[in-house]
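There are 2 protein chains.
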Amino acid sequence: MTSDKNIPTNTISKIKALRKQEVSAEELTEGIFNGNKTQLAKAITLLESTHPSHYEKANTVIEKCLAKPNASIRIGITGVPGVGKSSFIETFGTYLTSLGKKVAVLAVDPTSSLSKGSILGDKTRMQELSKDPNAFIRPSPSGTSLGGVARKTRESIILCEAAGYDVILVETVGVGQSEIAVHSMVDFFLLLKLSGAGDELQGIKRGIMEMADAIAINKADGSNLEKAELAATEFSRALHLYPPKANGWIPKVLKCSATENTGIKEIWDVVENFVQQNKENGFFDKNRKTQNKNWFLQTVDEHIKQFFHQKESFKNAQIALLKDIDDNKISPFYAAKLLLDQITKEL
Amino acid sequence: MTSDKNIPTNTISKIKALRKQEVSAEELTEGIFNGNKTQLAKAITLLESTHPSHYEKANTVIEKCLAKPNASIRIGITGVPGVGKSSFIETFGTYLTSLGKKVAVLAVDPTSSLSKGSILGDKTRMQELSKDPNAFIRPSPSGTSLGGVARKTRESIILCEAAGYDVILVETVGVGQSEIAVHSMVDFFLLLKLSGAGDELQGIKRGIMEMADAIAINKADGSNLEKAELAATEFSRALHLYPPKANGWIPKVLKCSATENTGIKEIWDVVENFVQQNKENGFFDKNRKTQNKNWFLQTVDEHIKQFFHQKESFKNAQIALLKDIDDNKISPFYAAKLLLDQITKEL
Chain A
2 MTSDKNIPTN TISKIKALRK QEVSAEELTE GIFNGNKTQL AKAITLLEST HPSHYEKANT
62 VIEKCLAKPN ASIRIGITGV PGVGKSSFIE TFGTYLTSLG KKVAVLAVDP TSSLSKGSIL
122 GDKTRMQELS KDPNAFIRPS PSGTSLGGVA RKTRESIILC EAAGYDVILV ETVGVGQSEI
182 AVHSMVDFFL LLKLSGAGDE LQGIKRGIME MADAIAINKA DGSNLEKAEL AATEFSRALH
242 LYPPKANGWI PKVLKCSATE NTGIKEIWDV VENFVQQNKE NGFFDKNRKT QNKNWFLQTV
302 DEHIKQFFHQ KESFKNAQIA LLKDIDDNKI SPFYAAKLLL DQITKEL
Chain B
2 MTSDKNIPTN TISKIKALRK QEVSAEELTE GIFNGNKTQL AKAITLLEST HPSHYEKANT
62 VIEKCLAKPN ASIRIGITGV PGVGKSSFIE TFGTYLTSLG KKVAVLAVDP TSSLSKGSIL
122 GDKTRMQELS KDPNAFIRPS PSGTSLGGVA RKTRESIILC EAAGYDVILV ETVGVGQSEI
182 AVHSMVDFFL LLKLSGAGDE LQGIKRGIME MADAIAINKA DGSNLEKAEL AATEFSRALH
242 LYPPKANGWI PKVLKCSATE NTGIKEIWDV VENFVQQNKE NGFFDKNRKT QNKNWFLQTV
302 DEHIKQFFHQ KESFKNAQIA LLKDIDDNKI SPFYAAKLLL DQITKEL
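Chains as they are written, first to last, in the working numbering: chain A, 2 to 348; chain B, 2 to 348.
If you're looking for bench data, these hints aren't it; they were derived computationally from the structure. Glycine included, every Cβ here is placed at the ideal spot set by N, Cα and C. The reader is advised that the hints may include incorrect statements.
As the list claims (entries may be wrong) - Partial pick of chain B residues on the chain A-facing surface, computed with a CB cut under 7 Å:
#1 63
#2 230
#3 333
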């Protein structure tokens with residue numbers, strides 16, 4: 002009936018079944034441990050899935066990956082659009098692979114579900130790095146809640162580390178909540194800035210300064226160099242006004258140019274100093290433990306939500322109530338109460 | 002035994018019991034309907050409570066308040082720190098009360114739980130308005146999640162409207178997710194900006210421009226006036242590059258000075274035009290219905306979370322698992338799975 006008419010139907014279904022056959026958790030884990038990028042990407046797709054049958058398998062893979070020791074460094078990178086995050090990561094990542102390191106680039110961008118397409122982690126933005134055999138680039142998971150997007154990224158970090166990536170770069174857009182989420186999953190937080198017309202500090206949000214372990218003034222090249230110097234001085238001065246961090250680290254202010262490839266080594270040196278100092282004083286481990294506890298609490302909340310949303314009776318009642326709200330028959334608050342009453346009775 | 006020794010113990014317990022006696026939902030609603038600020042504030046405190054016994058009562062009050070017809074206008078106001086939100090609201094609110102309107106000021110600031118104190122809605126920032134008998138000012142509810150903070154603010158809007166407030170101003174800090182939350186609960190969204198050194202557009206976030214129904218350049222006074230004119234032209238030009246909104250509204254760019262009390266009437270005129278136009282073409286109602294449906298979905302998710310977190314067995318298991326994570330005995334992901342398995346079995 003089709004162009005396949007010469008092949009017995011039986012064989013076709015067999016091939017289809019085979020194609021459909023999903024890779025087992027063991028195979029995926031083995032692939033990851035062998036540094037196989039395709040299997041790593043498949044495993045990440047699996048944990049990004051909200052299908053209940055995938056949950057168990059993804060969990061198995063994560064547990065196996067967690068058991069594998071590694072000495073990774075997780076770096077969060079933020080900055081407003083236009084600051085040059087992509088070109089910075091391209092240059093910084095290429096520098097790291099030139100040192101023999103394996104680099105993974107992940108992204109947290111909860112707006113990607115709004116704009117129907119992630120603005121971060123797009124491979125076309127990092128042409129060189131995406132071709133580098135020692136680099137792995139993954140766009141932001143999509144999702145309706147920042148919590149969900151963040152959870153998936155955290156789990157992706159674990160898989161990348163098990164696949165042998167030494168440095169995990171987690172990129173985010175310069176908006177409050179996502180920056181807090183990324184800060185809560187990395188060891189080191191880098192804020193990229195541009196030098197402006199002298200009023201650098203006005204545009205900077207309270208909170209971001211407190212989170213940053215280093216501020217790098219990007220595009221510090223050509224006629225911009227002088228402005229960048231001024232901005233660096235201003236930021237350094239401002240940072241001194243903040244109370245010292247618990248770990249004793251004094252945030253550094255640097256200048257760099259991703260396009261001219263200057264100041265890149267210096268940033269990595271700062272990261273290495275930070276890691277060494279924090280491993281010595283115990284704050285590196287302490288920070289990861291605190292993060293683990295927060296991950297747990299957030300994962301629980303995400304799972305609780307999913308537990309309900311996957312129930313048929315829940316879905317149906319929700320659709321009916323949405324129609325009642327649209328018809329002005331019921332208030333949103335009372336509808337929520339009715340839905341909760343119904344499902345908790347059913348439990 | 003104490004200084005109360007001359008008063009019979011019996012009497013003391015009676016007084017204590019009386020003091021503890023909570024106001025009923027009916028009394029609160031009546032107080033709100035009579036425009037009693039104390040009762041309104043009490044009712045808002047009730048709905049901000051996470052105590053399960055308060056939930057039922059708060060719901061009753063909300064339902065009763067929802068049933069009371071009103072013709073309120075909800076205005077969201079955002080802008081980065083330093084843009085002069087407080088003084089703008091002080092001046093704008095005072096102008097509105099001078100027109101005989103009752104004005105409520107609410108705030109959404111999810112960072113208030115981080116910094117242990119809300120930076121928004123503080124009465125000391127709006128000295129004049131807080132003394133105005135026709136104004137009601139309430140700081141941001143505190144909470145660990147933006148969802149929770151937003152839900153409480155939405156419910157507060159309902160109570161304020163039932164108490165006869167004609168204009169509800171919902172203030173937020175200029176960070177992405179909170180702005181989206183506030184945009185989802187108002188009829189009109191106002192973005193406050195400052196004129197800078199000519200590069201106004203650089204600092205503006207994609208998304209905010211699309212949400213704004215009007216942009217007001219604040220502090221357009223004295224030597225700033227010329228810069229403000231330039232900024233206004235630039236913003237107007239930029240706004241024309243965006244696709245037209247579904248409701249046909251073309252966002253307006255205005256200049257104002259909260260301290261000199263200029264441009265304030267013009268902003269209110271724009272709001273009134275917007276409301277009239279959108280009521281005529283049906284988008285005012287349509288927007289509120291869409292918002293109601295989203296409120297419902299978000300309220301459900303919040304309640305689901307609470308349902309579990311209030312269970313003793315859940316709390317205890319969570320504490321035990323947190324300790325295991327701290328002792329490196331278990332991964333956060335596996336701990337989350339164990340907790341979920343346990344509680345869903347118990348249901």
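- Query: Which of the listed hints are broken here?
  - Reply: Going through the list in order, the structure violates hint 2 alone and respects the others.
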